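Residue numbers (my numbering), protein chains in the order written: chain A, 1 to 613; chain B, 614 to 830.
Simulated from the structure, these hints should not be mistaken for lab results.
The structure presented is a predicted model; accordingly, all values stated were derived computationally and were not measured.
One thing to keep in mind: the hints can contain errors.
[Stated by the list, open to error] The list that follows gives simulated cross-link-like pairs (lysine-lysine, BS3-like), each with its CA atoms no further than 25 Å apart:
hint, chain 1, residue 1, chain 2, residue 2
1, A, K31, B, K776
2, A, K31, A, K3
3, A, K31, B, K704
4, A, K31, B, K697
As a plain string of letters, each chain reads:
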Amino acid sequence: MDKQMRSRLEALLETVQKPSRYTGGEVNEIKKDWAGRTSFCFAFPDTYEVAMSHLGLKVLYESINAQDDLLCERVMMPWVDMMAGLMEQGIPLYSLESRKALSDFDMVGFTLQYEMSYTNILKMMELGGIALNNKDRDEGAPFVVAGGPCAFNPEPLSPFIDAFLLGDGENATNEMLRVIAAGRKAGKKRADILRDLAQVEGVYLPDLYEAAYHEDGRLAAFRPLDQTAPLPITKRIERNLDEAPFPTSIPVPYTQAVHDRIVLEIMRGCTRGCRFCQAGMLYRPVRERSPEQLFALAEQLVAATGYEEMSLSSLSTGDYSQLLELIRGLNQRFADQRVSLSLPSLRIDNQLQEALGETAEVKKSGLTLAPEAGTQRLRDVINKGVTEEDLLRTVSEAFASGWSSVKLYFMIGLPYETDEDLLGIADLARKVVAAYYAVPKGQRARGLKVVVSASTFVPKPMTPFQWAAQDTLEEIRRKQSLLRSALNIKGVTFNWHDPETSFLEACFARGDRRLARVLYRAYELGCLLDGWNEHFKFDAWMQAFADTGMDPAFYANRERAREELMPWDLADIGVSKNYLWRENERARKAEVTPDCRHGCEGCGLTRFEGVCT
Amino acid sequence: MKMLVVFEKMGAHRFLGHLDLQRAMQRALRRSGLPVTYSQGFNPHLQLSFAAPLSVGIQGEREIMEVPLSRQISEADFLSKLNKTLPQNMKAKAAVLLEDKLAPAMARMGAATYVLRPDAHFEQLAAAVPGFLLQERIPFMKRGKAGMREEDLRPLIYNLMVKDDTLVTVLATSSKGTARADQLFLSLCAFAGIQQPRCLITRTALLDERFAPLEGA
Ligand code: SF4
Chain A
1 MDKQMRSRLE ALLETVQKPS RYTGGEVNEI KKDWAGRTSF CFAFPDTYEV
51 AMSHLGLKVL YESINAQDDL LCERVMMPWV DMMAGLMEQG IPLYSLESRK
101 ALSDFDMVGF TLQYEMSYTN ILKMMELGGI ALNNKDRDEG APFVVAGGPC
151 AFNPEPLSPF IDAFLLGDGE NATNEMLRVI AAGRKAGKKR ADILRDLAQV
201 EGVYLPDLYE AAYHEDGRLA AFRPLDQTAP LPITKRIERN LDEAPFPTSI
251 PVPYTQAVHD RIVLEIMRGC TRGCRFCQAG MLYRPVRERS PEQLFALAEQ
301 LVAATGYEEM SLSSLSTGDY SQLLELIRGL NQRFADQRVS LSLPSLRIDN
351 QLQEALGETA EVKKSGLTLA PEAGTQRLRD VINKGVTEED LLRTVSEAFA
401 SGWSSVKLYF MIGLPYETDE DLLGIADLAR KVVAAYYAVP KGQRARGLKV
451 VVSASTFVPK PMTPFQWAAQ DTLEEIRRKQ SLLRSALNIK GVTFNWHDPE
501 TSFLEACFAR GDRRLARVLY RAYELGCLLD GWNEHFKFDA WMQAFADTGM
551 DPAFYANRER AREELMPWDL ADIGVSKNYL WRENERARKA EVTPDCRHGC
601 EGCGLTRFEG VCT
Chain B
614 MKMLVVFEKM GAHRFLGHLD LQRAMQRALR RSGLPVTYSQ GFNPHLQLSF
664 AAPLSVGIQG EREIMEVPLS RQISEADFLS KLNKTLPQNM KAKAAVLLED
714 KLAPAMARMG AATYVLRPDA HFEQLAAAVP GFLLQERIPF MKRGKAGMRE
764 EDLRPLIYNL MVKDDTLVTV LATSSKGTAR ADQLFLSLCA FAGIQQPRCL
814 ITRTALLDER FAPLEGA
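Just chain A, same shape as in the assembly (with noise of 0.2 Å):
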């Protein structure tokens, strides 16, 4: 940026809410010189204080940085208004750190966490300078990367980004990136390089490869143009956790994040096998963090940023083998350094109550609990292995030991879900209530609040029920207004949301390539920031769908066979489509399968060397 473009933008940021969303600048921000390093650019599309609370973010951060051949800057979603400025006064969006343009960087990474930020990935790259699609980028351009958990069905963004990375980016982003800087180094054409990308274990490069379709508009085909490209893309498993990067440092935001904490990955993957989690299923298999380590990383941080607060991070915190012994070790350590370690609600039983110390109190401001749905049947379905007596009882004891307010959510639309299963969310709800009643009035705690939320369900690729259809807005309308009245009784709130939301969620998650047309429509219609309530235009999308002549039920609301081609075939996350049919079945059936720990259940998993052995 010229010292002109610099005194304009100091002249925007006065104009603009929140400043410092755009300024860098925080405490352990990691600036390097640029000479003789391939750079990097963290692209989070969306706003600061979301992508702040992102925990890839800081990993990869620190991570790429601590390497002395590479650097790694950040970029977000500006705001509306920033958004406007940086149009109006020509200047490009750019990296906190160094004020780069996206343009300028090597290889440019956007982390996809939920659908509805594809629009913004759109908008970044035109305001970054770079050309929208793969085909239109020129030599000197970044090459464009996307992963995260979205990425394992990344076709709908196929014409927009050059790789993906399916699965753990610790060790595969450095990887890529030196590929680049080695391409780049011996004058390398951009396309070879690409190609020497796709040798990466893990990388995807949707150019590679050609879809083909039925009549019905179902996938008739999927094959590699060229003969090195692999096919299935094995995903990227980090084996040891301890030996995975975690960072020590982390940059401090001024602006209050979302979650604005030191937070604490003490395991990824999940054995629970629930059917509707694609977390469950992309993530595994488990992997834990030795308490060691994390004491270690702990004192680090807190020395680092002085966070006055800690949480950790799982899928399945209560699943951790050393649960006790982490939380005594981390509660020991902090105690007098005043940093409050904040739960997920376990079932606070007695050892636990014992490990947390008289020292920090349990916040009893509200006890979160989610069982997905409202009969057992239904759960059993699901396989979501809570038993209404065990809620019961730990709200029972919630309630006996101070607790006034519990949250449970809920899921709508389920497969297999019938009226029956609705009101049986009335039913919990009003045991719920009871349960309350039932402690005694001097003892309990006054003012009870039960809040039942009901999101809707969305079909996730690589679960179970990636065949299922999802319910027509009409249907989950008429269910929302169902329990809404079933709800109606006192002490309880029933929260919900406009369905439209899921609807396009459902699209995306399970779409192919052809949907990069409709994605390209609704950006041109303005649809922008669609996760935040005020800005989603739903008409829009559905113009946007109807411009391209593409039918938004297809995706969404039809329910596949067994033997139909997914977009998504062409990743091999370990768990097998043989697996994902049988759960299905199982789920028809009600069957209940146990939790993966207490014997395997042959997911496939170990097909994959040093995994799950």
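For this one, chain A is given, so just place chain B with the ligand on it according to the hints.
Only chain B with the ligand this time, still in chain A's reference frame:
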């Protein structure tokens, strides 16, 4: 004992809101390991008190906060330890040990000095100063708890003069009345009949009721 700390809030830090500044200071103090007093409870907090919050967009050269101490420490020691953990552009410039019984800095505030550096129209603004000050009333609209109401800026302006290519002003800043430097600039532009140019405003000192620097207590 408590420690009064004089610090700067310059450059991009002028964009930090007061809550952002409080958090940044709390975390810097935590990183420093200095002996400070925390509140009780589940989320223990440092009880920092700031003399006068600064509006977003305005820089501060000598801002003031007070930190309660859990044990005695020398001023020099405090200053050097804190400066190791403070972000750039937020450096601490002085530390003064004070008795707890001394009224909090906020209660001792009387006025503040500001330097205004407009981007354009400086001649016109400078020429307008005498006439501006001769006005008996300078009404402006202020947002209060009960909506907008009219107030008079004139009695809150203790001084306003031209110095080189800047305007220097002393404005009332106390519980009895506070004038904002950006409001003064707005009113002056209106009086001079010009469209408000960009203007970098820096608060240069916090004064007590006798116009002595607050840190000199
Ligand atoms: S291979 Fe067996 S033990 Fe490993 S995750 Fe799959 S089902 Fe569980």
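> Of the hints given before, which are not true for this structure?
Replying inline: 1
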